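Engineer: Using the sequences and the accompanying hints, generate a full structural model.
These protein sequence lines are chains A and B, in that order.
For the first sequence, counting from 1, position 179 maps to 179 in our numbering; every step adds exactly one.
For the second sequence, counting from 1, position 2 maps to 2 in our numbering; every step adds exactly one.
By construction, these hints were calculated from the structure, which means they are not laboratory data.
Please read these numbers as outputs of a predicted model, since none were measured by experiment.
Think of the CB as a built atom: it goes at the ideal place given N, C-alpha and C, for glycine as much as any other residue.
All the given hints hold, so there is nothing to weed out.
Now the in silico label distances, taken between C-beta atoms and shown as ranges:
{"id": "1", "chain 1": "B", "residue 1": "C233", "chain 2": "A", "residue 2": "G30", "range": "56 to 62 Å"}
{"id": "2", "chain 1": "B", "residue 1": "C233", "chain 2": "A", "residue 2": "P74", "range": "55 to 61 Å"}
{"id": "3", "chain 1": "A", "residue 1": "A60", "chain 2": "B", "residue 2": "A260", "range": "39 to 45 Å"}
{"id": "4", "chain 1": "B", "residue 1": "R43", "chain 2": "A", "residue 2": "P143", "range": "26 to 32 Å"}
{"id": "5", "chain 1": "A", "residue 1": "A60", "chain 2": "B", "residue 2": "R26", "range": "36 to 42 Å"}
{"id": "6", "chain 1": "A", "residue 1": "P74", "chain 2": "B", "residue 2": "L158", "range": "54 to 60 Å"}
{"id": "7", "chain 1": "A", "residue 1": "Q220", "chain 2": "B", "residue 2": "D162", "range": "56 to 62 Å"}
There are 2 protein chains.
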Amino acid sequence: MTDPPTYQRWALKIEYDGSGFVGWQRQAHGLSVQQVLEEAASRLVGGHPINSVTAGRTDAGVHALGQVAHLDFPLNARLTPHTLCEGLGFYLTSYPVSILAAAPVSPTWSARFSATWRAYCYRILNRRARPTLTKGRVWHVKPLLNVAHMQQAATYLLGRHDFTSFRAAACQARNPLRTLDQLTVTQHNDEIIITAQARSFLHHQVRNMVGTLKLVGTGQWEPERVTTALAACDRSAAGPTAPPDGLYLKNIGYIPDPFASTHI
Amino acid sequence: MTDPPTYQRWALKIEYDGSGFVGWQRQAHGLSVQQVLEEAASRLVGGHPINSVTAGRTDAGVHALGQVAHLDFPLNARLTPHTLCEGLGFYLTSYPVSILAAAPVSPTWSARFSATWRAYCYRILNRRARPTLTKGRVWHVKPLLNVAHMQQAATYLLGRHDFTSFRAAACQARNPLRTLDQLTVTQHNDEIIITAQARSFLHHQVRNMVGTLKLVGTGQWEPERVTTALAACDRSAAGPTAPPDGLYLKNIGYIPDPFASTHI
Chain A
1 MTDPPTYQRW ALKIEYDGSG FVGWQRQAHG LSVQQVLEEA ASRLVGGHPI
51 NSVTAGRTDA GVHALGQVAH LDFPLNARLT PHTLCEGLGF YLTSYPVSIL
101 AAAPVSPTWS ARFSATWRAY CYRILNRRAR PTLTKGRVWH VKPLLNVAHM
151 QQAATYLLGR HDFTSFRAAA CQARNPLRTL DQLTVTQHND EIIITAQARS
201 FLHHQVRNMV GTLKLVGTGQ WEPERVTTAL AACDRSAAGP TAPPDGLYLK
251 NIGYIPDPFA STHI
Chain B
1 MTDPPTYQRW ALKIEYDGSG FVGWQRQAHG LSVQQVLEEA ASRLVGGHPI
51 NSVTAGRTDA GVHALGQVAH LDFPLNARLT PHTLCEGLGF YLTSYPVSIL
101 AAAPVSPTWS ARFSATWRAY CYRILNRRAR PTLTKGRVWH VKPLLNVAHM
151 QQAATYLLGR HDFTSFRAAA CQARNPLRTL DQLTVTQHND EIIITAQARS
201 FLHHQVRNMV GTLKLVGTGQ WEPERVTTAL AACDRSAAGP TAPPDGLYLK
251 NIGYIPDPFA STHI
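Structural biologist: Below, the structure written as structure tokens:
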């Protein structure tokens, strides 16, 4: 006979402005999203320490529209989706971090390992004038970008490839093979939005793909050169890393979606 | 025989984050967009004082995506659209104000009196969780709004009416009659966008219409009550003034458009 579990696992959907954080993950110096979330969670249950596991560890300055994490709360806290969202929201008031939804999940469900895909979007402000309302939220690129060429170049990256050329030196993944399911380039007035979706990404992969597509957009690269860069399996063959400001962790896919019935 | 004009009039298209300003117009205490623009313009021409006339004097905290102003610069400054945008941009670097375009216009052209319409948009963030990335850029309304009812109510305000019920007590216009050409309510994920277009608006008219449509959205008002409020010609018959954070002066219409050939 086994003891009943004394914890309830919860999935949280989280939005944050990454500008003032050292990234998702706790660091010795500097404030992380993980730290402020775990401290808020701990205060909500009277100081009991709470750890979180996340779907995507965003870097310093990277934003999230739909980050997902799971946390185990003591059963005797008697939380509901409503009290959890409101309670965490209260303790997070002084930080640009919001809990969009909360859903109870099974003890074996993992924000990280149960995810079937991750989607990011990247915003480029393509005009001469500096950003005002979107400062810190976009990559400001002054030269007029050729969107059609960027769209063409993006198609060469789709599918299953060794993405070593688009991988940060610090990347800890054992295997550089990834399957890129979506990479689209769209224009909305003076913004160019790049959307990428895959089961998982290598470290800096999205920002390195964006930095490379920008070279195509300015005409420094022909679209076909992206194929050569990919085949080289050498980081120096691809373009530079785009700044974090324009990157947003958009959403994480799960089957079934634990948040299906919890959205407003 | 008359002397040739010693000034060249320029039309500027301006974007700004209104959060930190007391509004467009100069005030005895507090920084206005007009002041920082005129000071930048003056520095660009060696200290010569420069005055500006604007199409829409936005209130404190109201943003602009396409404000238009005209300024007379000494002819001997030999400005081009490029040097004017870049030069003003340089002197405005420490402010969230950007010059999107500049075009030479005739000495009789007026940013204010040549305008044939003004368009505003208003962003409501409609969800329980606080805004993070859009803090100061939206009105955060927690109760779920009925967009269909808001859309229906908006149609009752279209056309030529006495808008006294939607006019600030401080409004200086002689005539409360205005013709509202467009008032649409659309939803994009957790945002509700209200767009309004007219030749001109009364003071606070857009924010008062939005504050009223919000009462319809929450169900406190039936859509038809907007008709009663309009007919009352009494400010207290309509809803409260929506906060400035969500309001954007979107663009100004001119025939012909002086910026037609200057955009990137």
